[in-house]
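Colleague: Each chain, written out:
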Amino acid sequence: MSTDTAEATPGQAGEMLKMTGQAAITAALFQAMEEDSKVLVFGEDVADREGGGVMGTTRGLSTKFGDLRVRSTPIAEQSIVGAAVGAAMAGYKPVAEIMLMNFITVAMDMIVNHAAKLRFMSGGQSTVPLVIRTLTGAGWQTAGQHSDHYEGWFAHTAGIKVVAPATPADYKGLLLSAIQDPDPVLFIENSRTLFVPGDVAADQGPIPLGKARVAREGTHISLITYSGMVANCLAAADELAQQGISAEVIDLRTVSPWDKDAVLASADKTGRAIVVHEAVRHFGPGGEIASTIQEELFRKLKAPVRRLGAPYSAVPFAKVLEDAFLVQPADIAAAAKALCEYD
Amino acid sequence: MSQTPENRASPDAATQLDIYRRMVRIERNDEFTRTQIRRGRITAPYYSARGQEVIPSTLSNLMTDDDVICTIYRGIHDMVAKGMPLRPLWAEICGRVDGTCKGKGGPMHLTHPETGVMVTTGIVGSSMPIANGFAWASLLDGSKRVTVAYFGDGASNIGAFHEALNLASVWKLPVIFVCSNNGFAEHTRYENATSVDFISKRAIGYGMPGYTVDGNDPFDMYAHAHAAIERARAGEGPTLLECKTFRFMGHVFGDNDAYMTKEEKAEALAKDPLVLFRQLLIDTGVATEAQLEEMKTSIEAEVQDAIDFAFESGYASVDELRRDVFAEEIPA
Numbered sequence: 001m002s003t004d005t006a007e008a009t010p011g012q013a014g015e016m017l018k019m020t021g022q023a024a025i026t027a028a029l030f031q032a033m034e035e036d037s038k039v040l041v042f043g044e045d046v047a048d049r050e051g052g053g054v055m056g057t058t059r060g061l062s063t064k065f066g067d068l069r070v071r072s073t074p075i076a077e078q079s080i081v082g083a084a085v086g087a088a089m090a091g092y093k094p095v096a097e098i099m100l101m102n103f104i105t106v107a108m109d110m111i112v113n114h115a116a117k118l119r120f121m122s123g124g125q126s127t128v129p130l131v132i133r134t135l136t137g138a139g140w141q142t143a144g145q146h147s148d149h150y151e152g153w154f155a156h157t158a159g160i161k162v163v164a165p166a167t168p169a170d171y172k173g174l175l176l177s178a179i180q181d182p183d184p185v186l187f188i189e190n191s192r193t194l195f196v197p198g199d200v201a202a203d204q205g206p207i208p209l210g211k212a213r214v215a216r217e218g219t220h221i222s223l224i225t226y227s228g229m230v231a232n233c234l235a236a237a238d239e240l241a242q243q244g245i246s247a248e249v250i251d252l253r254t255v256s257p258w259d260k261d262a263v264l265a266s267a268d269k270t271g272r273a274i275v276v277h278e279a280v281r282h283f284g285p286g287g288e289i290a291s292t293i294q295e296e297l298f299r300k301l302k303a304p305v306r307r308l309g310a311p312y313s314a315v316p317f318a319k320v321l322e323d324a325f326l327v328q329p330a331d332i333a334a335a336a337k338a339l340c341e342y343d
Numbered sequence: 344m345s346q347t348p349e350n351r352a353s354p355d356a357a358t359q360l361d362i363y364r365r366m367v368r369i370e371r372n373d374e375f376t377r378t379q380i381r382r383g384r385i386t387a388p389y390y391s392a393r394g395q396e397v398i399p400s401t402l403s404n405l406m407t408d409d410d411v412i413c414t415i416y417r418g419i420h421d422m423v424a425k426g427m428p429l430r431p432l433w434a435e436i437c438g439r440v441d442g443t444c445k446g447k448g449g450p451m452h453l454t455h456p457e458t459g460v461m462v463t464t465g466i467v468g469s470s471m472p473i474a475n476g477f478a479w480a481s482l483l484d485g486s487k488r489v490t491v492a493y494f495g496d497g498a499s500n501i502g503a504f505h506e507a508l509n510l511a512s513v514w515k516l517p518v519i520f521v522c523s524n525n526g527f528a529e530h531t532r533y534e535n536a537t538s539v540d541f542i543s544k545r546a547i548g549y550g551m552p553g554y555t556v557d558g559n560d561p562f563d564m565y566a567h568a569h570a571a572i573e574r575a576r577a578g579e580g581p582t583l584l585e586c587k588t589f590r591f592m593g594h595v596f597g598d599n600d601a602y603m604t605k606e607e608k609a610e611a612l613a614k615d616p617l618v619l620f621r622q623l624l625i626d627t628g629v630a631t632e633a634q635l636e637e638m639k640t641s642i643e644a645e646v647q648d649a650i651d652f653a654f655e656s657g658y659a660s661v662d663e664l665r666r667d668v669f670a671e672e673i674p675a
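Listed in order, the protein sequences are those of chains E and W. Going by the numbering used here, the first residue of the first sequence is number 1, and it counts up by one from there. Going by the numbering used here, the first residue of the second sequence is number 344, and it counts up by one from there.
Capping the alpha-carbon separation at 25 Å, the derived lysine-lysine pairs in DSS-like fashion look like this:
#, chain 1, residue 1, chain 2, residue 2
1, E, K64, W, K515
2, W, K487, E, K38
3, E, K302, E, K269
4, E, K38, W, K515
If you are wondering where the hints come from, they were derived from the structure by calculation, not from laboratory data.
Construct the complete structure from the given sequences, taking the supplied hints into account.
Modeller: What follows is the structure, given as structure tokens:
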């Protein structure tokens, strides 16, 4: 993986910059810390003494903002998230980094029982405005404990928002919003898309959470997706266009709360929908979205709503297995074609 | 094991009386709670802390309103000691809208930021990692505020304890880890689940001072709590206090104590810290019997007032299920 970091040089308003999602995150962190002295960044290796993160995403922050606001921690996820919960309740806006999503498993109590529930259980007296940034995604042969997409677990937990951007502009804009949000936000970075350059406005500001984006307009079928699978859906849409099928790609950007209005508007227009995600299909977020479409639009649908996700297995190591584990553009195109021919 | 801290502080008469008053509030509140449960007026699981009054009463005497606590499901004594008003406390125990949490948290999740009761967790060990966050905020604020994390002996065997003590030590956080060692983790005897004879020894592994304290002796507690709080305020870092005590009412209301011997329980009850301290205050002339009776009567009136208030309070609207999930209400 590339470890290029953002040059935090402010650009002219209206100017477009080419940068990776990672650089966009760095830029967002610089901006947020500059604008609000309550913003904190911490996690394993995040300070410059430790290289500014194993990917270099937080490089430069501790030098600029000091070692008390930007702190490297022990490899102890439970205590990282616990400290984030306490600091958030004490009035700070901690951005905690859990290096990889699988490592979140050892901090589940702090996230699920505490961060997500303390506002409710305290009757609104406690607020926990923290962000947990975490990286994941198959495709790098990191196998079963370094690449899972577990967003469904957190989407199922009332009280925490789940954001999963797909483009550099969204990485920046959604992270800025996540940091400003008064509630806990899990911010998922996908390892296949994080290092792909894209356009980001020099003055890119916050992008609201819970709002989907039409990544490509179409009329025959809606591909509803997020995170790393946006790229696969766009590739599938290219393939489908050659066969005369016009696919609309909806990038949810926020998994929870998800943009029901945008999804239903698209499915209403096309009459066909597939929900595509990298997470295991079995009990995945696709089930919730597909059910909602069917409940709301039953008589308007021209075909059953389908779900595409990873098979019910751990993420495998061997490349040939890993490729088969991930939903590929050809899988999406084939499923879309079948739905368009559904009688 | 209990090394005495240097400059061992001793409570003066007024302080002793204040500690005792907090203990009586806890004990009367506990007695009234169990009565209400027995009468079927409260349906919550109740984890009595009868017998453990000295620990939070002494610490709370030394804390200011700005200082904060993170406590656990057996924690109502910690809140009462810290000064949480009894009316909203009782309304919460009864699940009423005038409770501290509008009836949405209940006795295991009481929260009252005005008196520094920031978190009450029902998960063993989880008070400690969160306490570190509050303590880190004190460093960032440049304030002298200290954070006390309360937990039991059972919690010293869970990962959260070890992660939290390590981080607190590395970051020199102004936090005091207060372990009420009542000898049992739920029903499991201390020595059957804990690798060391004294939990305070575990502090050595995390580079912080650790003391085993007689948690039923206000003077021993005062000296150690004073030293730990002073150390935290001075920016010297965390302390682990293992406070030896005994829970008179078992793990949860209705416990039949089948996992302990009658003799050991009788022995503990014979050394009821409330009775012993009361006698000491009288014997040393700090207070007269009449004064202490009057104190008890006025506290009972306060508790009764809180009970009456709680049962007169209504229940929250079911719309509350959509509120406080997020800052913004969930649409119906």
